[in-house]
Structures are given as structure tokens and as C-alpha cells.
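Hey, can you work out the whole structure from these sequences and the hints?
Order-wise, the sequence lines are chains G and D.
In terms of numbering that gives the first Met the number 0, the first sequence has 329 at position 330, counting the first letter as 1, and numbering is strictly consecutive.
In terms of numbering that gives the first Met the number 0, the second sequence has 178 at position 179, counting the first letter as 1, and numbering is strictly consecutive.
There may be inaccurate statements among the hints.
[Claimed, not checked] Calculated lysine-lysine pairs in the DSSO-like style (CA-CA distance at most 27 angstroms, straight line): (1) G/Lys321 x G/Lys54; (2) D/Lys58 x G/Lys388; (3) D/Lys48 x G/Lys306; (4) G/Lys404 x D/Lys205; (5) G/Lys228 x G/Lys396.
Don't read these hints as lab results, they were simulated from the structure.
The model shown is predicted, which means the values in this text are computed figures rather than measured ones.
The residues making up each chain are set out below.
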Amino acid sequence: MQVRLTQRLTRAAIALTAIGLTGITAQAETVRVTVAYYSDKTGPYFQQMADAYEKANPGDSIKIEVVNWDTLLQKLQTDISGGTNADLAIIGTRWLLDFVKDDMAEPLDGYMNPAFKNRFIGAFLAPGQISGKTYGLPIAASARGLYYNKEMLTKAGFPNGPKTWDDVIAASKKIKASGSYGFGLQGKEIETDVYWYYGLWTNGGEVVGKNGKAAFNSPAGIKAATLYKSMIDQGLTQPGVTNYSREDVQNLFKQGRVGMMITAPFLIGQIKKEAPNLKYGIAPVPKGTTSATYAVTDSMVMFKNSKVKKTAWKFLDFLFTKDPRVAFTSGEGFLPTTKEEAAAPAFNDPDIKAFVNLLPTARFAPTVTGWEDTAKAVSDAMQAIYLGKAKPADALKVAAEQADKALGQ
Amino acid sequence: MARTASGRPLTPWLLIVPSLALALFIIGYPLYNIVFQSLHEVSRFGLIKDFCGLDNFRKVMADPVFMASLWRTLWWTLGVVGGTVLVSVPVALILHQDFYGRGVARTIVMLPWSVSLTMTAIVWRWAFNDEYGMVNVTLQRLGVISSPIHWLATSNWAFPVEILVGVLVSVPFTVTIFLGGLSSVPGDIYEAARMDGATAWQQFRKLTLPLLRPFINMAIVLNVIYVFNSFPIIWVMTQGGPSNSTHILVTYLYERGFRLGKPGEAAAISLVMLTMLFCFTLLYLRIQPKEGEGS
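Spelled out as C-alpha cells, the structure:
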């Protein structure tokens with residue numbers, strides 16, 4: 000009797016161990032994903048996708064970590080140097096080169112078949128490619144357009160928004176006369192440089208030339224900087240521009256106190272939520288000699304040190320199918336990056352279409368090292384110009400020297 | 000009892016060896032790591048690349064922003080610490096008096112201490128907003144100014160404003176030190192002084208100030224160390240801008256290390272800062288015993 004009991008117990012123990020072991024092997028296929036916090040919808044969206052994927056692929060598990068944009072790069076840096084990084088991560092595409100240079104990012108071409116590649120709108124796939132290899136998939140994309148206050152601009156004689164910089168000046172003068180600010184000009188913090196690139200590009204200038212050196216110190220650059228400075232001097236912008244970040248200018252626009260500003264599609268959602276009565280329109284970035292706008296993508300990358308690359312890729316594949324894409328892009332107010340998604344009824348909205356129509360003239364941040372240094376040098380130069388501490392030509396010359404020290408290093 | 004060759008007992012040393020080793024490790028390892036990083040090329044992700052000698056130091060020193068930030072750090076430290084001590088002495092004297100509602104008054108003075116520096120800085124950033132900030136609105140209502148002042152748009156205003164906020168957040172800590180000091184001053188010497196006909200000012204100059212001196216010294220040293228390394232106020236309010244005109248060393252270090260992805264240069268800057276604080280401490284230790292002899 001006693002012997003039998005012991006035998007049974009042993010058998011039971013072996014069976015339990017076996018179950019435990021299979022449990023462990025199934026657990027091993029855990030894919031960790033670091034995603035950026037775009038809005039309060041980001042976390043729930045990715046969790047939902049993870050649940051849906053786990054249901055379809057029993058045994059695999061997906062772990063989502065949501066990180067704020069401001070601290071994202073720092074977190075990734077810390078994780079990578081400690082060897083505890085996730086398997087997949089969202090990064091700003093402009094950081095990609097650094098990841099590739101340090102051999103952190105896995106080239107994805109081996110996993111992609113032509114059909115997969117063909118899902119994407121070509122222009123959005125290009126920024127994630129470095130020397131012929133694809134390292135990042137465009138998870139989020141946005142372009143910039145000019146928002147205008149319909150009431151103010153109608154009164155000023157431009158009911159469909161300004162077409163050129165001359166229109167902007169003419170409209171701003173009328174708006175100023177009625178007591179509001181004409182053109183909202185960003186003067187501090189992230190993308191202060193980009194706000195000036197709008198003027199640079201539309202006047203035919205370039206930020207980085209074909210030789211990989213700074214090219215913004217050009218007649219077009221001086222023209223753009225002089226244009227902005229003259230608007231400040233004539234009181235056509237909000238006063239104290241160097242105290243306004245992009246969010247601050249957006250707030251002015253939402254409060255109906257500034258006539259025009261250039262920013263990304265996400266302002267549409269904010270206006271709907273915070274200022275539903277504001278009547279606004281979206282126009283292309285004003286033309287100088289040519290049309291241009293700025294487009295940005297964020298990329299999903301796979302880390303080279305991942306031990307579950309196959310499963311990670313399966314999850315990526317799933318994320319870039321139609322329904323998950325539509326849910327993400329429409330939820331966050333971005334632009335569609337895949338063709339199927341773009342055809343979805345969710346993007347039949349005239350505001351989103353206005354942005355999509357701008358894409359043919361869009362410029363992306365070039366994938367060169369030193370882009371952040373260039374941004375910093377240009378932002379500093381702009382602040383000096385806006386404050387009247389330096390002449391456009393001098394400030395741009397200094398900034399170009401600064402940028403050249405870092406570009407392509 | 001075991002003794003060393005020189006005849007001193009060995010046991011006390013053996014007893015503190017574990018904690019000494021731990022302390023040495025905790026202080027020593029990061030220091031070693033920073034020195035190591037500052038002498039190497041380091042990628043954005045902390046990958047150590049080639050040995051580059053003093054290149055990181057050379058690059059940093061060659062940057063005019065670094066030198067400007069260095070001087071500004073001295074002004075910042077001097078302004079905040081000096082301002083704090085000047086404000087705290089009278090505040091502590093008042094709070095030391097026995098008056099109705101002293102408890103409430105003490106609590107109010109201490110309150111800023113309990114709020115995180117970052118939060119305080121964010122609140123002041125709002126308060127100094129051009130359009131709807133409390134400061135501009137109040138000044139306009141009072142008729143002091145006719146149009147809003149752009150506080151944080153130019154360094155002429157932004158830096159002094161940041162120093163003011165720095166003083167405000169350092170006062171509670173300093174007042175606490177002074178109150179502790181004042182409570183150790185015996186009351187009878189004032190009585191004696193009054194009998195001898197000393198005025199209030201004389202009592203302050205000849206009695207309070209000398210007796211408070213060790214506490215003032217302590218407040219100065221501790222505040223210098225905190226303020227010199229203080230990051231949140233400037234970063235939250237202006238991020239060192241506009242046009243690098245409000246950078247101090249620690250914000251400049253952060254920007255180099257984390258914005259521009261140059262940990263090697265950031266390590267070099269932090270060593271420069273460490274050296275500066277070290278020199279200050281040495282200087283302070285030099286001055287300290289002399290004052291002790293004097294009193």
C-alpha cells in the first residue's frame with residue numbers, strides 16, 4: 000500500500016514537472032516591445048494588438064512597455080548599455096543611423112518578401128533604409144501643413160488660406176489691425192529649426208547639401224530668416240517668439256488668438272477636443288519660389304540581440320496588416336503609411352486628405368549623423384536672429400560651421 | 000586585543016572594513032567609469048570605442064558655450080547661494096521670535112521644500128508666461144507695466160528670474176539650519192547685552208551673527224554643492240536657451256550627453272564639475288579652522 004502510494008506520488012511529480020517544463024518552453028517565446036507614448040490611446044491600442052496576436056498564436060506572448068517620447072531615447076540607451084533592451088522598439092527615424100552604426104538594429108530585408116514591401120507607400124519606407132538595407136518600418140507618419148483661422152482669414156481677404164508668404168504678410172497685417180496676432184512663429188524647444196526650414200525649403204534652399212555638408216547658409220536661408228525677422232519686427236507674429244514652443248503656439252491657435260501656424264495633423268484632434276467651435280482650414284505651407292513641407296516618420300526596429308526574432312517578426316507582420324494599421328493611424332491622428340490603409344474610409348476625412356495631398360512635396364530629415372547637432376545649431380541661430388542679437392547672414396554662417404563639425408562624422 | 004605593528008588596536012579597523020569597502024566601491028566604481036568614459040570615444044548607446052586620450056576634454060573646452068556656461072554657473076551659484084543666505088537670516092530671525100501664529104508661518108516658509116523641484120519649476124514657468132502668467136497679469140492689473148514683459152524670451156530676464164526661483168526653493172532648507180542654530184544661542188547673553196545698553200543692531204552684529212557663523216558656513220557649503228549641480232529649474236524653464244544664454248554646466252552636460260548623444264564629452268564635463276566642487280571644498284576646509292581659532 001505504502002509503496003504504491005509512493006509510486007503514484009512519484010509519477011504525479013514527474014507529470015507535474017513535465018507540464019512545468021512545457022510551460023517554461025512556451026514562456027520562452029516572449030516578445031518585448033517598447034512603444035512611444037503618442038496619446039492616451041497608445042498603450043491600450045498596443046495591448047489590444049498584443050492580446051489579439053496572442054489569441055491567434057497560442058504560446059507566444061507579447062509584452063508592451065509604453066515610454067514617453069522625452070525619455071524614450073534615454074531609456075533605450077540605458078537598456079541597451081545594460082543589455083536589457085526589448086526585442087522591438089519604436090524610435091524616431093532620425094535616430095536610426097546611430098542604431099545601425101553601433102550594430103544594434105537587425106536588417107529586415109531577410110524577413111520581407113516583395114508582397115510585404117509592396118504594402119507600404121514607397122516614400123515612407125525610404126527613410127528607414129540605410130545603404131540599401133531596411134532597418135525600420137514606418138509605424139507613424141506625419142506631414143506639416145498651415146492651419147488658418149477661417150474667420151480671421153476670411154475677414155483679411157483670404158477665405159481659403161494664404162498661398163504664398165506674401166499672402167501671409169498681407170493677411171497678418173490685416174489681422175494685426177483687428178487686434179490679434181497674424182502668423183504664429185515657434186521660437187523655442189524641439190523643432191525650432193524645422194519651423195525655419197519651412198521658409199528655407201519653400202524658397203528653394205536645402206538643409207544638407209549633396210556633399211553631406213551644411214547647405215542652409217545660402218541666399219534662400221538668408222531670405223527665409225530675414226522674412227521671419229521682418230515679420231517679428233512689424234509685429235505680425237505673436238510677441239516674444241523665443242518664449243513659444245510649438246505647443247505654446249498651438250495653444251494660441253486653439254484660443255483663436257493667432258491667425259495662422261504650421262504644424263502636424265495631431266492638432267486636428269486637439270482642436271476637436273479642446274476648441275470644438277474653432278473654425279479652421281488647412282492649407283499647404285506657403286509658397287516662396289517652390290512648394291515644400293516637412294514629413295516625419297517613426298520606425299519600428301528589431302534589435303540584433305533579440306533571441307526571439309522569428310516571433311518578433313510575426314508580430315511586426317501582424318501590426319502592418321490593414322486593420323491594426325487603420326486602428327492605430329486613425330486613433331492617433333497620423334497619416335497612413337500602407338496602401339490598403341490609405342484606401343480605408345477612415346481616411347476619407349478632408350483634413351487628413353489635405354495632409355496626404357502635401358506628401359509629393361514633402362522632405363524628410365536626411366539620415367545623416369549629426370542631424371541633432373545641426374538642429375541644435377540652427378535653433379540657436381534662429382533664436383539669436385529672432386532676438387536681434389545677430390544678423391541672419393552671420394548667425395547662419397556660425398551655425399553652418401557648427402553643423403559641419405558634426406555632419407557625417 | 001590584536002594590535003598593528005605601530006601598537007594601535009587592529010579591531011576597530013577590522014570592524015569598519017566592510018562598510019569602508021562598500022563605500023569605496025559605491026563611490027569608486029562610478030568615478031572609475033566616468034574617468035574611463037571621458038578618455039574614450041563613446042557611442043550614443045554607451046558602447047565604448049577607441050581610446051582617445053584627452054580629446055573629449057579638448058572638444059568641450061573648445062566650445063565657446065562651455066566657457067560661457069562655466070562662468071554662468073559661477074554667477075548662478077553665487078547669486079542663488081548669496082541671495083538665499085541674505086533672505087534666510089532675517090526670515091529665521093523673525094521665525095525665531097515668539098509670536099501668535101508662528102507655527103503657521105513656519106509651515107508656510109517650509110512648504111516649498113516639500114514640493115519637488117521640477118514641479119516648482121513648472122509652476123513658475125506658468126507664472127512667468129507672457130500671456131496668461133500670474134506675474135504679468137498682476138503687474139498689469141497694478142498698473143506697474145502697460146504691456147506684458149517677455150520674461151523667459153530673453154536671457155536678460157530669464158536668468159535673473161531663474162536665480163530668483165532658485166533662491167526661493169533654497170530658503171526653506173537654509174532657514175531650518177539657521178533656526179537650529181538660533182535655538183542653541185542662550186537667551187541670557189541678550190539680557191546682559193540689553194543691560195549694557197546694546198541696541199538691537201548691535202545685538203545682531205556682536206552676538207547673533209558671530210554665534211550663527213558656523214551655521215551660515217554650513218548653509219553656504221551645502222547650498223553651493225546643491226545649487227552648483229541643480230538641474231531642474233533651468234532645464235524646465237528655458238532648457239538653457241534662448242540661444243544657449245541660460246546654460247549652466249549641468250544643463251549643458253545633459254544636452255551634450257542625452258540630446259546630442261555624446262556621453263564621452265558629458266563624462267569629461269562632469270569631471271570638470273567634480274574638480275571645481277572639490278577645489279571649493281578644499282578651500283573651505285582651509286578657511287574653516289582659522290575661524291575656529293578666531294572665535
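Hints, verified against the model:
no.	hint	result
1	G/Lys321 x G/Lys54	holds (18 angstroms)
2	D/Lys58 x G/Lys388	holds (26 angstroms)
3	D/Lys48 x G/Lys306	holds (25 angstroms)
4	G/Lys404 x D/Lys205	violated (60 angstroms)
5	G/Lys228 x G/Lys396	holds (17 angstroms)
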